[in-house]
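Q: Okay, here's what each chain looks like letter by letter:
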Amino acid sequence: MMGKVWFPWWAAVLPLLLVATQSIGVADAPSSVEHRPLTHHLGRAISQLDQGSRSPEYTESLAYLKLHAREAVTELSAPVLREPGSLGKWQVTYLIGEFGDESAIDLLRIFMEQPKPRAQPAREGSHATDLQFTEEMNSRFQAVSSTARIASHRPELRDQVVETLIATAQRGDFLEDSAMFELQKLLGDEFQSLRGYFGPEASRHFEPFMPPPQWHGLLARRMEKHRREEQALREKRRSLCEAK
Amino acid sequence: MRSQVKLGLNRATGLLAVAAVGAFLYTFMPSCSMLADADDTLCFAIADAKDGVVDWPDEEYLEPGYKNDCGITDYHECDHCDLNPWFLSQDDRDYIEGFGLAQGHGWADLGRADVMTFNEVTKEIDTPLGRTYNAYANLVYANPEGIELDRSQALDNFEYYDTFLKWAPAFVSQKTYRINGNCNRDCETVFSTNCVIARTVHGPFRNDYIDLYQTFFYDLDAVWRASTIVHEVRHARDRNSHNACVCGNGSACDFRWSSNGANTYELMWLAAYYWTPEDHPFITPARRERAASLFNTRRDLMFCEKPRWRIGDFIHINEIPEYYVEQVACSEDPSNTHYCLVLAN
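These protein sequence lines are chains U and A, in that order.
Every letter in the first sequence is one number past the one before it in this note's numbering, and letter 209, counting from 1, is 209.
To convert, take the position in the second sequence, counting from 1, and add 1000; that gives this note's numbering.
Careful, some of the hints might be misleading.
Quick list of in silico lysine to aspartate or glutamate cross-link-like pairs, EDC-like style, CA-CA up to 20 Å [to be verified]:
#1 U:K236 with A:E1145
#2 U:K116 with U:E176
#3 U:K225 with A:D1162
#4 U:K116 with A:E1305
#5 U:K185 with A:D1279
#6 U:K225 with A:E1278
#7 A:K1123 with U:E60
#8 U:K225 with A:E1145
#9 U:K225 with A:D1279
Honestly, the hints are just simulated from the structure, not real lab data.
Isolated chain U (complex conformation) (with noise of 0.2 Å):
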């Protein structure tokens, strides 16, 4: 009769007991990872990431990365193609642009054309946020942005940037928008040369968003104003800088 009673409690229990267990072995185990300097710098670069060019370590791993820029890009390929969405994923994603070559343009077309994920469906009333969905598209959008600061950081690129970001809005599906953003700031004045390749549904991206004429004294104004603050933050900084 005890034996029947306790029965489901181990049923209930076994499985718990089992995945306790597997999670023991996985974080006791050695890493595998060989510390290839190929890794340092990238580990090195990501954990730099946000103070960027601030810190010398990241320009260090940076310019690593930039000379050895193919190898970089394959291994950050599966972690980029495969795995869920993350903000360490959005973190390689982004840093891709900031040392990618060609092999790395045609990883992130293949990242961009990838199908649009789908949110887990909520609780009815719940507002919870399905972080992995929100991360994943995160850095689908990241990855028109890094594709496009490619062509700042290596110009002879340039044409094969255009021509990628051309097709990703020509799908017209969710990256449309960033891809004709990242177009604009690459081309400046010659983005307007790029309206034959888009049919007219399309022409609001090639209208410069302008407020009403009645705000333009204040705009002017504001951006002056604004333009010799930043001037004097500036040498501000500069002379702080100099009395260290």
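Please arrange chain A on chain U, whose structure you already have, making use of the hints.
A: For chain A alone, kept in the frame of chain U given last:
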């Protein structure tokens, strides 16, 4: 036949007994117990402190096995302590307390005295309160005046708040009564990544308050945390709740941009953060890019009718914030009652 019936009854009795014991234990289990809140890792971490040192969780749910795949072992949340002026300045911390944290509940349980413990390897701030300070630091220092900004000026004084990034901290300060820290992880199921980040309670005859959950502290980076605060504050004294419609996010949706709700405010702040000068003393390129990614994602997901406005349309938000905020009349003609939410759709 009779023995089979008896066996069946015994089995049923046994199962009923187990269910009754389970229900009894569940009812009286304290909140940090395994059965009641199996994913309540922050409560466990606090309860399990060794010599007073808490092993704070860090994105445990978002990184399953990731480090084993590409060898990258260090993660951080875009909020290094050495980039945060509050970290070594009591004046700065006092300024941040003034956002409603001073009146908060639950912070003592989360280590209120300890705002500056940080991870030796990643240099990231560990404590929930420290991470909340980091969020506010983004609100405060996105505007170069920092703690010198007078947040008590009227919100329609756009000669003083002449950038959106100046206006936003004043808005947050003036519209917050109390902000609480909560150790719960409010997710759809155990191990789910579908979680509530924060919740605002408002209504007549009560003081509004904002509860921040574990997801806010440990699953979001500091830029997202900051925009979440702007979002929640819009729910608070402005009493602007989400609309009952379905969007890409599945919940917490607003009908459209011109609902002028929490999602609109959150996006305006992200756009303003993005449109800061490249040599900004506090905002690094990675943070700026993060804000753009969040803007694009949230714009795509959080509205039932997708806004036509794109991040490029906010290029002047730090020059003429009043144009973007529903605070002033669009015309000097007193008979024109149209407000300046010109970006409506």
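Q: Run every hint past the structure and note whether it holds.
A: Outcome of the hint check:
1. For the proposed pair K236 of chain U and E1145 of chain A, the alpha carbon gap of about 13 Å is at most 20 Å, so the pair holds.
2. Restraint check for K116 of chain U and E176 of chain U: the C-alpha separation of about 13 Å stays at or below 20 Å, so the hint holds.
3. With a C-alpha separation of about 10 Å, the suggested pair K225 of chain U and D1162 of chain A falls inside the 20 Å cut-off, and the hint holds.
4. For the suggested pair K116 of chain U and E1305 of chain A, the alpha carbons sit about 18 Å apart, so the restraint of at most 20 Å is met.
5. Proposed proximity of K185 of chain U and D1279 of chain A is supported: the alpha carbons are some 18 Å apart, at most 20 Å.
6. The hinted pair formed by K225 of chain U and E1278 of chain A meets the criterion: a straight-line CA distance of about 18 Å does not exceed 20 Å.
7. Our distance criterion of 20 Å between C-alpha atoms is met by K1123 of chain A and E60 of chain U, whose separation comes to about 19 Å.
8. Only pairs whose Cα atoms come within 20 Å are accepted, and K225 of chain U paired with E1145 of chain A is accepted, the gap being roughly 15 Å.
9. Under the criterion of a C-alpha separation no larger than 20 Å, the hint pairing K225 of chain U with D1279 of chain A is consistent with the structure, at around 17 Å.
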